[in-house]
Structure formats: C-alpha cells, structure tokens
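In the order they appear, the protein sequences are chains P and R. Position 72 (the first sequence) corresponds to 72 in the working numbering; numbering is contiguous. Position 55 (the second sequence) corresponds to 55 in the working numbering; numbering is contiguous.
For the record, the hints were derived by calculation from the structure and aren't laboratory data. Treat the numbers as computed from the prediction; the structure is a model and nothing was measured.
Here are the simulated lysine-lysine pairs, BS3-like style, with alpha carbons at most 25 Å apart:
#: 1; chain 1: R; residue 1: Lys49; chain 2: P; residue 2: Lys370
#: 2; chain 1: P; residue 1: Lys253; chain 2: P; residue 2: Lys170
#: 3; chain 1: P; residue 1: Lys405; chain 2: R; residue 2: Lys49
#: 4; chain 1: P; residue 1: Lys74; chain 2: R; residue 2: Lys49
#: 5; chain 1: P; residue 1: Lys79; chain 2: P; residue 2: Lys304
Just a few of them, taken from the derived set where beta-carbon distance is under 7 Å, the chain P residues facing chain R:
#: 6; residue: Val429
#: 7; residue: Tyr431
#: 8; residue: Glu433
#: 9; residue: Ala434
#: 10; residue: Lys435
#: 11; residue: Ser437
#: 12; residue: His440
#: 13; residue: Phe441
#: 14; residue: Glu442
#: 15; residue: His443
#: 16; residue: Ala445
Virtual Cβ for every residue (Gly too), placed ideally from N, Cα, C.
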Amino acid sequence: MADVETIERVREIDVDKYKYGFETEIESDFAPKGLSEEVIRFISGKKEEPEWMLTMRLDAYRRWLDMEEPTWAKVDYPKIDFNDIYYYAAPKGQDGPKSLDEVDPELLKTYEKLGIPLKEQEILAGVRKQGEPSTLDEEGGGEYASGKVAVDAVFDSVSVVTTFKEELAKAGVIFCSISEAIREHPELVQKYLFSVVPQGDNYYAALNSAVFSDGSFVYVPEGVRCPMELSTYFRINAENTGQFERTLIIADKGSYVSYLEGCTAPMRDENQLHAAVVELIALDDAEIKYSTVQNWYPGDADGKGGIYNFVTKRADCRGANSKVSWTQVETGSAITWKYPSCILRGDNSRGEFYSIAISNGRQQVDSGTKMIHLGQNTSSRIISKGIAAGYSDNTYRGLVSAHRKATHARNFTQCDSLLIGDKCGAHTVPYIEAKTSTAHFEHEATTSKISDDQMFYCQARGLNEEEAVALIVNGFVRDVIQQLPMEFMAETQRLIGISLEGSVG
Amino acid sequence: MAIEKTTAETAYLEAFGAGRAGALAPHRRTAFERFAESGLPHRRLEDWKWTDLRRVLAKPYPPLVERPAPSAEVAGLVARSPFGEIARARLVFADGWYVEDASSMPVSSGVDVTAMTAVQGAAVEVSPREDDPLDQLNIAYASDGAVIRVQEGANTDIPIELIFVTTGAHEATHTLRNVIEVADGASATIIETHIGAEGACVANTVMEIRLGRDARLDRIKLQHDGPSTVHLSNLLVTLGEQAVLNDFTLTAGGEVTRNQGFITFAGEHARANVSGAYLLDGKQHADTRLVVDHAVPNCVSRELFKCVMDDEARGIFQGKVIVRQDAQKTDGKQSSHALLLTENAEFDAKPELEIYADDVVCGHGATSGELDENLVFYLRSRGIPEARAKAMLIAAFAAEAFDSIENEAIRNVFNALAHDWLDESTGHSAHGASE
Chain P
1 MADVETIERV
11 REIDVDKYKY
21 GFETEIESDF
31 APKGLSEEVI
41 RFISGKKEEP
51 EWMLTMRLDA
61 YRRWLDMEEP
71 TWAKVDYPKI
81 DFNDIYYYAA
91 PKGQDGPKSL
101 DEVDPELLKT
111 YEKLGIPLKE
121 QEILAGVRKQ
131 GEPSTLDEEG
141 GGEYASGKVA
151 VDAVFDSVSV
161 VTTFKEELAK
171 AGVIFCSISE
181 AIREHPELVQ
191 KYLFSVVPQG
201 DNYYAALNSA
211 VFSDGSFVYV
221 PEGVRCPMEL
231 STYFRINAEN
241 TGQFERTLII
251 ADKGSYVSYL
261 EGCTAPMRDE
271 NQLHAAVVEL
281 IALDDAEIKY
291 STVQNWYPGD
301 ADGKGGIYNF
311 VTKRADCRGA
321 NSKVSWTQVE
331 TGSAITWKYP
341 SCILRGDNSR
351 GEFYSIAISN
361 GRQQVDSGTK
371 MIHLGQNTSS
381 RIISKGIAAG
391 YSDNTYRGLV
401 SAHRKATHAR
411 NFTQCDSLLI
421 GDKCGAHTVP
431 YIEAKTSTAH
441 FEHEATTSKI
451 SDDQMFYCQA
461 RGLNEEEAVA
471 LIVNGFVRDV
481 IQQLPMEFMA
491 ETQRLIGISL
501 EGSVG
Chain R
1 MAIEKTTAET
11 AYLEAFGAGR
21 AGALAPHRRT
31 AFERFAESGL
41 PHRRLEDWKW
51 TDLRRVLAKP
61 YPPLVERPAP
71 SAEVAGLVAR
81 SPFGEIARAR
91 LVFADGWYVE
101 DASSMPVSSG
111 VDVTAMTAVQ
121 GAAVEVSPRE
131 DDPLDQLNIA
141 YASDGAVIRV
151 QEGANTDIPI
161 ELIFVTTGAH
171 EATHTLRNVI
181 EVADGASATI
191 IETHIGAEGA
201 CVANTVMEIR
211 LGRDARLDRI
221 KLQHDGPSTV
231 HLSNLLVTLG
241 EQAVLNDFTL
251 TAGGEVTRNQ
261 GFITFAGEHA
271 RANVSGAYLL
281 DGKQHADTRL
291 VVDHAVPNCV
301 SRELFKCVMD
311 DEARGIFQGK
321 VIVRQDAQKT
331 DGKQSSHALL
341 LTENAEFDAK
351 PELEIYADDV
361 VCGHGATSGE
371 LDENLVFYLR
381 SRGIPEARAK
391 AMLIAAFAAE
401 AFDSIENEAI
411 RNVFNALAHD
421 WLDESTGHSA
431 HGASE
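Working from the sequences, and respecting the hints, build out all of it.
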C-alpha cells in the first residue's frame with residue numbers, strides 16, 4: 001500500500017521540481033546582515049532577554065572568533081561567508097500570538113502547501129478537535145494512537161504558535177519557545193542550557209550559541225508521562241537567513257517524553273546555512289525519544305542551491321536508568337553534518353540511534369552518532385542505513401567509547417550501506433575505543449547494491465524498475481522505520497520514494 | 001601553524017648527510033626536505049590519532065651514520081630466531097647494517113639477492129609515499145636493506161629469512177629499506193624476523209613489494225623486538241594481475257609498535273590475505289594501520305586481526321578498504337577482534353570503508369571483549385582447571401589468525417610462540433591441556 005503511494009509520489013515529482021519549493025510572502029523583520037556583537041545585542045534585545053543570557057551569547061561569540069571551521073567531515077562545499085548572512089528574521093506582526101486566530105493566514109496556507117497533513121496539521125487547520133481519533137490511527141495503535149499532538153511551530157526562527165499549552169500545563173509539562181523559557185523559567189534554563197553542549201563545544205555550536213534566534217523548550221516534571229507527542233516544524237523561509245534553532249529538553253526523574261521534529265524548506269538558489277543545537281537531559285529513570293524527519297531542499301540536479309545542515313545534537317543520560325533514543329530520517333539538505341550523540345553518564349543508562357540517510361543528486365551526507373559510555377552497565381545500540389544514489393556521497397561516522405570505569409558497557413552497531421548507481425560513494429568511518437575489558441562491543445558493517453536477483457524477482461511479479469527499487473529500499477530500512485512514531489511512518493515511506501526519484505533507469 | 005621542533009626531530013634534521021644506500025640516493029634529498037617540512041607524525045593527524053610519535057620519541061634517536069663495530073651479541077640474537085630449521089637462506093642486518101658473516105645466501109638460481117648499498121642509481125625502482133612522514137624518514141636515513149628479486153617462473157617456496165636484530169647498544173634509529181620483486185609466474189616465501197635486546201632504540205623498516213602477473217608471495221613477519229624498542233614499519237605492496245599475497249604479522253615485542261600496510265591492486269583477479277595477531281602485555285602499545293586499495297575490478301581482499309592484550313597493554317587496529325569507481329565486482333572483508341585480559345587493557349579500532357563502485361560486496365566487523373565466562377565454565381565443568389581453561393581459550397582465539405599461514409612448519413612455530421607467551425606473560429599454561 002505504502003509502496004504504491006511512494007511510486008505515485010515519485011511519478012509526480014521531479015528532482016528539479018522540489019515539492020516544497022515555494023516561498024511564502026510574509027514581511028520579515030531583519031537584523032542587519034553579518035555577524036558582530038551589535039547583531040547579537042540586537043537579537044538579545046529583540047527577545048527581551050535578561051543580561052545573563054546576553055553575556056553567555058557574547059561569550060560564545062568571542063570563542064567562535066577564535067575557532068576554525070571543521071574540515072574533517074567528508075563533505076565539500078564552497079567557503080561560507082558568515083558576514084553575508086542575516087542572523088535574525090522574524091515574521092512581522094508576530095508579537096507572541098496566543099491562539100490560532102492570531103496566526104497569519106499566510107502561515108496556515110504554508111502548512112497546507114507543505115502537504116504533510118499529519119494529525120498536527122488537522123488540528124492546526126481545525127479539521128478535527130483535539131482528542132478525536134485521526135484517520136492516521138487506523139493502521140496503528142498503542143502509545144502513539146492518542147491523537148494528541150502538541151505543536152510548537154517554528155517559522156523562520158520565531159515560534160509563532162503553541163498549541164495545547166494548557167493541557168500540558170495541567171500535567172505540569174512546560175512546552176514553549178526557548179525565548180519564552182528564558183523569560184518565564186530562567187532558573188531551569190540557567191541550570192541546563194549549555195550544560196550538554198557548551199558554548200565553545202564546536203564551531204557551529206558556538207555560532208549557534210551566539211546567535212540562536214529561537215527553538216523549543218520542554219520540561220517534563222518528575223514522574224510525569226507527557227500526555228501527548230510534542231512536535232516542531234522547522235521551516236527556512238526568508239532568503240539568506242541562517243536558521244539557528246536551539247532546543248532544550250529536560251526529562252526529570254521518572255518522566256517520559258516523545259518529541260518529533262520535521263522540516264521542509266522552500267526552493268532557492270543560494271545556499272542556506274542551518275546550524276541548530278539540541279540538548280537533551282534525562283535524569284534518573286527518565287526517557288526521551290527524539291525523532292527527526294529532515295527534508296530540506298537538497299539543491300537541484302546539478303547540486304545548485306540546497307541547505308547546509310550543520311547540527312549538534314547531544315543527549316546527556318545524567319541519571320541512573322535513563323534512556324535516550326534518537327531516530328532520524330535524513331533525506332534533504334545539500335550538506336548534512338550531524339551526529340546525534342548520547343553521553344551515558346548514569347549507571348544502567350541506555351542510548352539508541354536509528355538512522356536512515358538517503359542521498360541523491362549531488363547531496364553529501366556525513367552523519368552518525370557518538371555513544372560515550374561513562375557509567376556502569378550502560379548499553380547502546382546503533383542501527384544506521386545509508387543509501388547513496390546519483391552523484392552523492394554518504395558517510396557514516398561514529399564513535400563508541402567505554403571509559404575505564406564503564407564496566408560491563410555494551411554496544412551493538414550495525415551500519416549497512418546500499419549503493420544505487422556507480423557514480424555515488426558510501427563510506428563507513430567508525431571509531432571504537434574500549435578502555436575496559438568488561439566492555440563488550442560489536443560492530444558490523446556491510447556495503448552492497450540491490451542484487452540482480454532481487455530486482456528480477458520483483459520485476460517477474462509485475463513491478464516496474466522504480467517500484468521494485470522502492471520496495472527493496474523500504475525493506476532495507478524497515479528496522480529504522482519501525483522506530484518512528486506512527487505520525488512519521490507514512491510520510492517517511494513517501495519521502496524515501498521521492499528522494500530516490502531518478503536514481504534508476 | 002608552526003610547531004616547535006622536538007629534540008628528536010632536531011636530531012634527525014642535524015644528522016642528514018647524503019651519500020649512502022646507492023639506489024636511494026636520488027630520492028634522499030627530497031625525502032629529507034619533506035620530512036623537515038612535516039616533522040614527526042602526531043595525534044592531530046587523523047591516521048596517527050592514537051600513536052603520537054612526537055610524544056613517543058621523547059629523546060633524540062639520531063641515525064647511525066657509521067657502521068658500528070661488530071657486536072658479539074649478534075650471533076646470540078640471530079640464534080633466537082625460531083625459524084632456524086625452516087629457512088633456506090638468511091640475510092642478517094644488525095642495527096641497520098648488513099652482516100655478511102652471519103648471513104647465508106640462497107643457493108639456487110632464480111633468486112637474486114643484493115644489498116641496497118650495492119645497487120647503483122635506478123637499477124632498483126623505489127616508490128616513495130610522498131604524504132607519509134614515516135616513509136620520508138625511512139628514505140632519508142636508510143643505511144641499507146635487501147633487494148630480493150625472484151626471476152620469472154622461479155619457485156622458491158623454501159623460505160628466505162630476513163633477520164633484523166637490534167643490539168640495544170646504540171640509542172639510535174636503525175633504518176632499512178628492502179625491495180622484494182616477484183616476477184611473473186614466480187613464487188616465494190619470505191620470513192621477516194625482528195629480534196632485539198634490551199636498550200632503547202628505534203627501528204624503521206620498509207618493505208616494498210611488487211608482485212607480477214600470476215606471482216605469489218607468502219610473507220610472514222615475527223616482531224620480537226626488545227622491550228624498549230620503538231618499532232616502525234611500512235609494508236608497501238603492489239599486486240599484478242592474478243597475483244596472490246598471503247601476509248601474516250605477529251606483534252609480540254617492542255615498547256611501541258606502528259605497523260603500516262598499504263596494499264594496492266594494480267591488476268585484476270588478484271587476491272590479498274592479510275592477517276595478524278597481537279600478544280601484548282605490560283605497557284606495550286601496538287598500532288596497525290592497514291589500507292587496501294582496490295584500484296581495479298575483480299579483486300578479493302581478506303583481513304583478519306586477532307589482538308590479545310594483557311596488563312595495561314593497548315592495541316589499535318585501523319583498517320581501511322578503498323574501492324575505486326571502476327573497481328566493480330570487488331569482494332572485500334575485514335575483521336578485527338580484541339580480547340582484553342585485564343580491566344586496564346585497551347583496544348581502539350577504526351575499520352573504515354570508502355566505496356565508490358556499486359557492484360561490490362564489502363563488509364567489516366570489529367569486536368572487543370573479555371573471555372566468555374560461559375566457555376570457561378564449560379571447560380571447568382569438564383574438569384579442566386580455570387587457569388588452563390583460560391589459556392586454552394586465549395590460544396584458540398589467537399590461533400585463528402595463525403590458520404592463514406599455509407606452511408605448516410611455520411604455523412607450528414607461531415602456535416608454540418603463543419603458548420610460550422601465555423606461560424610467561426599471564427602465568428596461564430596452555431601446555432598439557434590437550435596432552
């Protein structure tokens with residue numbers, strides 16, 4: 001069923017005709033072009049931030065000035081002129097809307113055009129009231145069938161609408177934009193912001209720390225199971241606007257939260273920079289599930305345009321028995337530089353990383369994870385599926401390390417790569433460091449193409465070449481798709497079909 | 001960014017003098033200049049992230065520019081080679097210099113053996129690796145080396161042994177560059193034995209190997225250097241069409257070991273089996289960097305490394321398989337397995353794949369862990385004492401790598417070495433377990 005849909009999508013869409021490549025005309029409120037202390041003060045002022053926040057931003061900026069752009073990743077792109085970027089663009093007239101009525105109709109149209117009519121979209125568009133079952137729930141059930149999704153929509157750097165706030169507040173969950181959190185919950189922000197990814201962590205994290213314009217903040221109090229999925233859409237809209245999101249999620253003792261992040265961006269010719277930072281903190285017995293579907297503009301068939309996606313995502317399993325699970329589907333962006341990591345600090349803590357990375361055309365993906373075992377009896381699992389087609393390069397880069405005190409640490413890693421066509425590259429660069437004998441590490445990687453036998457079998461049963469490829473690829477990534485929340489499953493299968501369009505024949 | 005020269009680097013730079021090792025003379029100056037530029041490799045270079053030579057060489061080890069006086073110790077060290085009964089011919093190098101008295105040349109026709117210093121100009125092809133500081137250091141300072149040429153169609157399967165001994169009498173760098181050419185249709189077995197006494201020194205040895213069409217080479221290396229030796233080695237192999245390389249290295253000696261291997265397929269339908277084992281204890285450190293380059297289609301490569309680390313030893317395996325765009329139908333497999341015997345032992349691995357062709361089957365596996373308690377329990381439940389049970393399992397773990405050695409006599413030597421190591425290092429005794 002899903003495969004038929006994939007094929008239909010593939011037919012509809014051409015690489016050059018990026019489906020989500022439209023531009024919404026909303027007036028923006030720009031900071032002056034370029035990066036300087038004045039721009040940072042401007043951003044901080046715009047957001048009415050307290051003095052301590054500005055100090056931290058300026059500290060990050062000064063560190064950034066002394067840092068060099070990392071070049072170790074297997075990606076190749078023209079040098080970025082950091083002074084040719086707008087660091088702040090807020091949709092005009094969006095001074096903190098409190099309800100849907102206040103939302104610019106243009107924005108709602110944008111969501112419609114995005115064509116991701118997930119449950120969030122239904123709710124946003126008023127098709128269905130919260131709590132009503134969604135048609136999307138029919139095939140599934142379990143924990144994701146609640147039909148309740150809270151959205152913190154991020155439209156070019158500023159959170160414009162936050163739904164379900166009240167219901168979440170009843171459970172004690174704080175879900176708001178990071179700027180609001182800085183104003184309303186400074187004690188939490190001060191305690192946890194920069195505690196996982198410090199200002200000077202790496203080049204792009206430092207840049208983000210200096211200029212981040214908005215993002216999401218989640219705090220789940222002790223013992224609370226967040227009553228709904230939390231979700232954010234990122235969208236890059238205004239031209240020449242770098243997006244610098246900052247997300248901070250704290251799961252207090254014994255709590256649980258599932259967070260979804262999905263994104264699309266309009267088509268344009270100039271490269272756009274995106275340097276986000278996500279910090280997750282799981283205290284004792286807490287669990288965070290973080291899922292991403294990334295479908296930004298990958299550039300046209302000649303590799304022109306496309307998003308530069310330089311992201312730092314890191315989770316700190318600070319408490320005993322805590323758990324963090326990263327699931328990502330990376331199909332978009334011209335350049336992807338992204339390594340969602342887990343620091344397994346608490347005893348018995350667990351980290352998981354499930355990834356599908358698809359590259360086609362001239363895309364370059366360098367992605368993977370780090371599992372840093374510090375506590376005793378910590379465990380981690382990495383399943384990475386890379387698919388390279390066209391002229392793309394797809395690299396898995398990962399680190400699994402066990403500290404001397406991380407006795408009985410366990411890791412299982414599986415990295416599989418699939419090559420479609422003979423002009424693309426698939427690479428695996430894992431680092432394994434075991435500093436204690438009781439650590440048990442297993443790493444396995446394979447690279448292969450779709451076998452002629454598989455293709456022949458499918459085609460003998462009446463599938464054409466593209467249908468056969470879509471079927472086989474969907475089977476190849478099945479282990480990871482199963483980790484996605486229901487809301488993303490259907491969309492992901494379509495995305496895979498779209499991403500591989502034009503790779504055969 | 002300019003980095004201040006270390007005392008070891010300065011000592012190298014000051015010791016440079018053109019002149020020796022005939023065939024290398026044309027390359028010497030360039031190599032020296034490149035080394036002067038790059039300095040010793042350090043941890044900021046990706047390939048050297050776990051072995052920082054600037055730190056390892058904490059004091060100067062200038063090259064020995066003059067032939068040292070004959071040492072009485074050489075004969076004793078040579079006698080320690082376990083291949084005495086197996087090798088047909090022996091070439092002995094002591095502290096970087098050829099020792100004619102201790103050597104015996106091959107008797108049959110079909111094999112030419114000369115010293116590098118006796119070869120003039122371009123009579124022997126030398127292929128420097130320009131981006132490799134270790135290779136530049138080798139060319140700039142090589143004092144000698146063997147040139148072995150197996151003629152077309154010749155079969156010298158009775159092994160030729162190259163013995164490299166370090167007497168430990170000189171706190172110096174002993175540099176040798178050897179060239180082995182196996183012509184079309186020829187085959188040879190070459191044993192490389194490194195034996196050293198106590199006393200700090202650096203050994204830098206390069207093997208340049210070229211295999212012609214249908215050629216075959218079995219190369220077996222035993223590294224049993226002294227406890228204070230820094231062992232640096234570079235293996236550079238080019239395989240012609242349908243050539244076969246069987247390569248095995250046991251690293252048991254030395255304080256710090258860096259083994260580099262660069263295997264390039266230049267002709268189709270060739271095959272390379274590269275395997276190795278570590279038996280490390282104390283504070284030994286061994287780092288293997290192995291790059292297999294599938295530059296042409298239809299070749300097969302297999303890599304298997306079994307690493308045993310006791311005490312505070314540290315083993316590192318960095319393997320990389322490159323499959324070029326044209327190299328369709330490549331079959332490449334790589335695996336590295338580590339057995340850590342104590343809490344403080346360490347294993348680091350970086351098994352890389354870099355693949356540009358789609359019709360390939362490539363994979364790698366890496367594991368690290370301690371002895372399986374279930375297996376120990378199984379053996380104990382059958383009446384085998386714990387220490388012996390563990391020794392049996394350790395020996396069996398390492399033996400998987402020895403299995404790739406086709407010559408049975410040589411394979412037995414390694415099995416015996418492993419048992420000796422278990423007796424000495426761990427106090428476990430595998431002997432008698434099967435008797």
